[in-house]
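Peer 1: Using the sequences and the accompanying hints, generate a full structural model.
Protein chains in written order, with numbering that gives the first Met the number 0: chain A, 0 to 145; chain B, 0 to 145; chain C, 0 to 145; chain D, 0 to 145; chain E, 0 to 145; chain F, 0 to 145; chain G, 0 to 145; chain H, 0 to 145.
In short, the hints are calculated from the structure, not lab data. Heads up, some of the hints might be wrong.
[As the list claims (entries may be wrong)] Calculated from the model, a selection of chain F residues having no Cβ within reach of chain G, i.e. all distances over 12 angstroms:
| # | residue |
| --- | --- |
| 1 | Met-0 |
| 2 | Trp-14 |
| 3 | Glu-19 |
| 4 | Lys-25 |
| 5 | Gln-71 |
| 6 | Lys-125 |
[As the list claims (entries may be wrong)] Here are the in silico distance ranges between beta carbons for each label pair:
| # | chain 1 | residue 1 | chain 2 | residue 2 | range |
| --- | --- | --- | --- | --- | --- |
| 7 | B | Thr-132 | C | Ser-141 | 41 to 51 angstroms |
| 8 | F | Leu-103 | D | Tyr-88 | 38 to 48 angstroms |
| 9 | H | Asn-104 | G | Glu-19 | 30 to 40 angstroms |
| 10 | F | Lys-25 | H | Pro-112 | 44 to 54 angstroms |
| 11 | B | Ala-113 | D | Glu-19 | 14 to 24 angstroms |
| 12 | C | Ser-141 | H | Pro-112 | 53 to 63 angstroms |
| 13 | E | Asp-13 | F | Ala-113 | 28 to 38 angstroms |
| 14 | B | Ala-113 | D | Ser-114 | 29 to 39 angstroms |
For glycine and all other residues, C-beta sits at the position ideal for the given N, C-alpha and C.
Protein chains: 8
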Amino acid sequence: MEIVVYLAGQIHDDWREQVEQGAREKNLPLSFVGPQTNHDRSDNIGEEILGKQPSSYYKDDAASDINNFRTQVLMQKSDIVIALFGEQYKQWNTAMDVSTAISLNKPTIIVRPASLIHPLKELSNKANVTVETIEQALDVVSYIYE
Amino acid sequence: MEIVVYLAGQIHDDWREQVEQGAREKNLPLSFVGPQTNHDRSDNIGEEILGKQPSSYYKDDAASDINNFRTQVLMQKSDIVIALFGEQYKQWNTAMDVSTAISLNKPTIIVRPASLIHPLKELSNKANVTVETIEQALDVVSYIYE
Amino acid sequence: MEIVVYLAGQIHDDWREQVEQGAREKNLPLSFVGPQTNHDRSDNIGEEILGKQPSSYYKDDAASDINNFRTQVLMQKSDIVIALFGEQYKQWNTAMDVSTAISLNKPTIIVRPASLIHPLKELSNKANVTVETIEQALDVVSYIYE
Amino acid sequence: MEIVVYLAGQIHDDWREQVEQGAREKNLPLSFVGPQTNHDRSDNIGEEILGKQPSSYYKDDAASDINNFRTQVLMQKSDIVIALFGEQYKQWNTAMDVSTAISLNKPTIIVRPASLIHPLKELSNKANVTVETIEQALDVVSYIYE
Amino acid sequence: MEIVVYLAGQIHDDWREQVEQGAREKNLPLSFVGPQTNHDRSDNIGEEILGKQPSSYYKDDAASDINNFRTQVLMQKSDIVIALFGEQYKQWNTAMDVSTAISLNKPTIIVRPASLIHPLKELSNKANVTVETIEQALDVVSYIYE
Amino acid sequence: MEIVVYLAGQIHDDWREQVEQGAREKNLPLSFVGPQTNHDRSDNIGEEILGKQPSSYYKDDAASDINNFRTQVLMQKSDIVIALFGEQYKQWNTAMDVSTAISLNKPTIIVRPASLIHPLKELSNKANVTVETIEQALDVVSYIYE
Amino acid sequence: MEIVVYLAGQIHDDWREQVEQGAREKNLPLSFVGPQTNHDRSDNIGEEILGKQPSSYYKDDAASDINNFRTQVLMQKSDIVIALFGEQYKQWNTAMDVSTAISLNKPTIIVRPASLIHPLKELSNKANVTVETIEQALDVVSYIYE
Amino acid sequence: MEIVVYLAGQIHDDWREQVEQGAREKNLPLSFVGPQTNHDRSDNIGEEILGKQPSSYYKDDAASDINNFRTQVLMQKSDIVIALFGEQYKQWNTAMDVSTAISLNKPTIIVRPASLIHPLKELSNKANVTVETIEQALDVVSYIYE
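Peer 2: This is how it looks when you write it as structure tokens:
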């Protein structure tokens with residue numbers, strides 16, 4: 000049984016590759032989708048398609064149109080969502096994606112360091128499972144196939 | 000990841016072929032569906048299947064039954080909608096298809112000339128993305144695969 | 000049984016007052032809501048609240064945010080929708096409101112002149128009832144109370 | 000027409016009172032609900048009802064059960080959501096509440112300072128309206144009644 | 000607790016009055032809605048509002064628009080549905096109303112004579128309760144208030 | 000594009016075979032599902048699986064459990080519904096299936112003789128298309144592929 | 000803000016009265032609904048309305064029709080659900096009511112003794128809050144009004 | 000037509016293997032999913048992934064997160080649910096799974112011994128079919144393919 004996983008969350012390190020490699024090592028029949036991980040491309044996509052905008056506000060608005068379009072297409076194609084929160088950055092997009100996934104009844108796993116237990120407590124409470132490492136998240140997904 | 004695209008909008012020029020050719024050039028794994036583009040066939044389909052109607056009003060009503068049936072089947076099979084508004088014609092069907100798509104949570108792109116910014120502003124606001132050219136619409140779809 | 004009616008459609012004449020007066024004459028327990036009917040206010044609301052925008056494109060976008068907010072609040076409070084299409088103007092907002100109402104299962108009446116039968120045929124087909132005069136629309140609503 | 004407003008967002012200043020006072024000054028028929036604004040009470044509610052928990056992790060989990068229960072009850076009773084993001088704090092609950100409101104089709108206004116335009120761009124894009132001041136948010140709500 | 004009851008079913012005898020009188024005798028806080036029970040008015044309503052139609056087929060189509068509009072408004076206002084099938088007539092509207100009510104999660108009671116057990120067996124199976132007399136239907140509703 | 004068609008309606012003649020043969024002749028990529036067409040098997044299925052019931056009432060109830068289970072599974076797998084009403088029999092199951100299909104947003108075609116125009120007028124009005132012959136129903140489905 | 004509470008769970012003791020009295024003491028604006036608490040009436044309601052059934056199996060089936068009708072009406076009228084599990088009895092109805100409430104997005108509190116932690120762990124995990132005493136459940140509801 | 004079956008219910012005997020073997024003997028194109036059937040693994044999964052918890056209460060809570068995640072993923076992939084209740088154990092998870100399945104419109108079969116008719120009567124009433132043996136459940140599924 001093939002499962003499509005949306006990998007929400009920060010785009011500043013290689014955590015998605017770690018998830019994908021872990022899945023290969025466990026031979027899990029997973030395929031992965033997620034946001035644009037090239038940060039500059041993500042920020043500039045509005046202007047790159049629609050042309051120069053009057054200010055950074057309008058540049059951001061144009062980019063968010065297209066990033067939200069992408070996320071909506073790919074999350075609808077997904078069976079589960081894994082969302083990673085890191086210690087830096089505001090990551091409101093991650094919170095938004097997790098809440099949207101939960102509202103869509105997508106089974107959802109949050110990965111976050113212990114230092115974020117308190118600020119994420121209500122969000123963790125609504126997600127199915129919260130873990131601290133990528134390895135644990137894959138253990139949870141792997142458990143489906145046992 | 001295969002994506003089915005419903006191409007809503009005017010049926011008086013070859014814009015759908017341009018979209019399809021653009022997708023082939025970009026090697027995007029898209030398949031396309033849309034309304035009946037033979038205008039006469041679309042207007043006459045009610046009488047061609049159900050027989051002569053008492054007046055043009057009833058002819059129109061019979062045709063719309065069957066055109067709406069077709070649209071509903073194909074839009075439900077689609078993952079995203081691209082809708083093109085041209086400068087001529089009333090194109091209320093296009094507005095209807097876009098609104099229906101948005102209500103069904105189908106990610107939606109509007110293509111319209113700058114001259115239509117004002118009359119389409121509320122509809123553009125509800126769609127995910129609004130662009131001015133077919134090339135831009137394909138850039139948005141292509142971005143999903145980056 | 001009190002019924003709330005959303006009056007979608009053109010804002011360039013006094014048709015809403017005719018509806019409201021007709022309802023009073025028939026003693027129907029209806030209350031009415033609808034879009035901002037002051038056209039300038041509707042077009043300028045974005046800048047009037049958010050301040051000067053860089054161009055008319057951005058002015059329109061800001062206005063549509065707030066007009067769509069208003070429509071969503073009021074349509075959700077409504078039990079039925081009456082939408083009037085006139086012979087002038089593109090009226091894509093009216094088509095958008097009708098389609099949204101139908102998707103939300105709001106019983107919907109379209110009022111349109113005979114000259115618009117053909118371009119509105121698919122939308123009429125999805126609405127519950129299409130009539131030509133305000134008087135007829137009120138007759139349909141009145142029928143609920145017989 | 001009475002409208003119930005859920006005031007999501009930070010609980011560290013008196014912004015909710017400012018909203019309520021502004022509504023009174025404008026004579027808007029609004030009633031307001033929102034999260035527990037006593038921060039200590041909100042953090043301790045789990046232990047205060049369920050008793051001492053083994054560690055702060057479990058104390059947080061117990062509190063979030065009850066805070067989420069409260070939010071779910073009150074948001075379902077609401078017609079619209081106004082969410083304020085300040086410059087401090089992570090405010091993932093606010094992002095969660097906004098996303099949930101949008102998924103539930105609750106018309107939503109975000110209030111945030113210009114400094115947060117970039118990190119909130121995708122969330123702003125999904126909300127109906129984003130403004131910078133409480134006064135502007137009330138102007139948007141007031142527009143419903145014009 | 001006030002409950003609104005939609006009384007679906009045949010319009011050829013006074014069974015609705017029997018239900019209403021029974022409810023009064025039991026002091027049940029029920030209010031009742033239902034289809035147009037004047038058969039001629041129901042059949043002619045299309046022509047009476049829209050004018051003469053080209054044939055009985057179009058007359059029927061016009062009437063059904065308006066009858067379905069009425070039913071949709073009133074069923075959405077209802078908490079429960081009681082549907083009576085008699086031994087005569089095809090009563091496909093009754094079957095349609097019962098199925099629609101069940102799909103809308105409206106708790107539903109069917110009243111039918113023993114002679115109709117077999118042809119109604121699948122519909123009875125989907126309804127909450129099937130009884131043989133109006134008295135029994137009122138006993139079921141009355142049980143809510145015990 | 001493969002389409003699954005649920006063939007609702009009477010089980011007393013070979014109309015389903017005519018539909019299937021017509022589809023083969025037109026080379027339409029359709030597959031067909033439908034109710035149990037062996038009438039005795041359909042009526043007896045409850046007792047054949049669950050054993051002798053106390054009377055025909057309970058026999059009918061047991062059969063309807065299993066027939067409704069079958070219909071629910073197969074209709075959920077279907078993209079469109081074609082329902083045939085004949086001149087004999089009460090066919091309330093057909094009306095039930097059509098209404099359920101419409102409530103589930105399955106595009107629906109009714110086939111009925113002209114003699115049934117009047118009693119089926121409200122149901123026809125809610126279905127997408129109503130035709131008089133199997134050939135016409137296939138023409139409507141075929142139109143999707145043009 | 001008035002809140003309607005459905006009190007699911009065992010009907011063998013006076014726990015509902017304790018809840019209602021506790022709410023009065025706290026001056027909470029709650030109203031309460033729930034299942035038939037007269038056990039004999041609940042078991043016999045099928046025969047009491049529909050007449051003698053062939054065996055206890057059919058008596059149970061007839062009663063459950065009417066009990067499920069009652070529960071569906073009252074749960075739809077409720078804003079929150081409080082469900083109490085005691086140490087005796089199988090109480091599958093309570094588990095059913097809790098699951099149904101959760102699926103309907105009704106905020107839900109489970110009350111159960113510590114001895115039932117293990118067998119109820121998955122159900123508790125899906126409910127919003129689980130407590131051990133009626134007093135605690137009322138504290139949770141009371142927290143909404145702080 | 001391939002059908003995916005979720006096998007809810009007790010995990011203390013080999014009934015799932017009996018179902019699977021019966022399906023093979025009948026050549027039914029079914030595939031099967033279900034809960035973790037290794038009881039110790041199911042009870043310990045929380046600690047095995049997340050580490051030692053402070054007490055059995057927290058161990059149970061951690062396990063239920065992950066078991067509910069697994070169930071949600073697999074039930075969403077399923078077309079029908081077969082749930083077996085045995086005479087021992089409380090089996091509230093089974094009742095929860097059946098109720099959830101029914102709320103999700105998954106066609107559902109309950110298998111239970113005659114001794115459980117009374118305590119399961121309301122749940123049986125909401126399921127599509129209730130039988131006493133695995134053989135009968137397979138007969139019901141097999142009937143889909145006739």
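Peer 1: The structure should be examined with respect to each hint, and the outcome stated for every one.
Peer 2: Structure-based check of each hint:
In this structure F/Met-0 is separated from chain G by more than 12 angstroms, as the shortest Cβ-Cβ distance comes to about 33 angstroms. Distance check for F/Trp-14 against chain G: the nearest CB is about 35 angstroms away, which clears 12 angstroms, and the non-interface claim stands. With a minimum CB-CB distance of about 38 angstroms to chain G, F/Glu-19 clears the 12 angstroms threshold, and the non-interface call stands. With a least beta-carbon separation of about 43 angstroms from chain G, F/Lys-25 lies farther than 12 angstroms from that chain, consistent with its non-interface assignment.
Here F/Gln-71 stays apart from chain G, with its beta-carbon at least about 17 angstroms from theirs, past the 12 angstroms limit. With a least CB separation of 24 angstroms from chain G, F/Lys-125 remains clear of the 12 angstroms interface cut-off, as annotated. Range check, B/Thr-132 to C/Ser-141: Cβ separation about 49 angstroms, and the 41 to 51 angstroms hint holds. The hint said 38 to 48 angstroms for the Cβ distance between F/Leu-103 and D/Tyr-88, and at roughly 45 angstroms that hint holds.
Judged by the Cβ atoms, the range 30 to 40 angstroms given for H/Asn-104 and G/Glu-19 holds: they are separated by roughly 35 angstroms. At roughly 52 angstroms, the beta-carbon separation of F/Lys-25 and H/Pro-112 lies within the given 44 to 54 angstroms, and the hint holds. Taking 14 to 24 angstroms as the suggested C-beta distance range, the pair B/Ala-113 and D/Glu-19 does not conform, at roughly 43 angstroms. Distance hint for C/Ser-141 and H/Pro-112: a CB-CB separation of about 59 angstroms, consistent with the stated range 53 to 63 angstroms.
For the hinted restraint 28 to 38 angstroms between E/Asp-13 and F/Ala-113, the CB-CB distance of approximately 33 angstroms keeps it satisfied. Between B/Ala-113 and D/Ser-114 the Cβ separation comes to about 32 angstroms, which falls inside the hinted range of 29 to 39 angstroms.
Comparing the model with each numbered hint stated earlier shows that hint 11 is the single one that does not hold.
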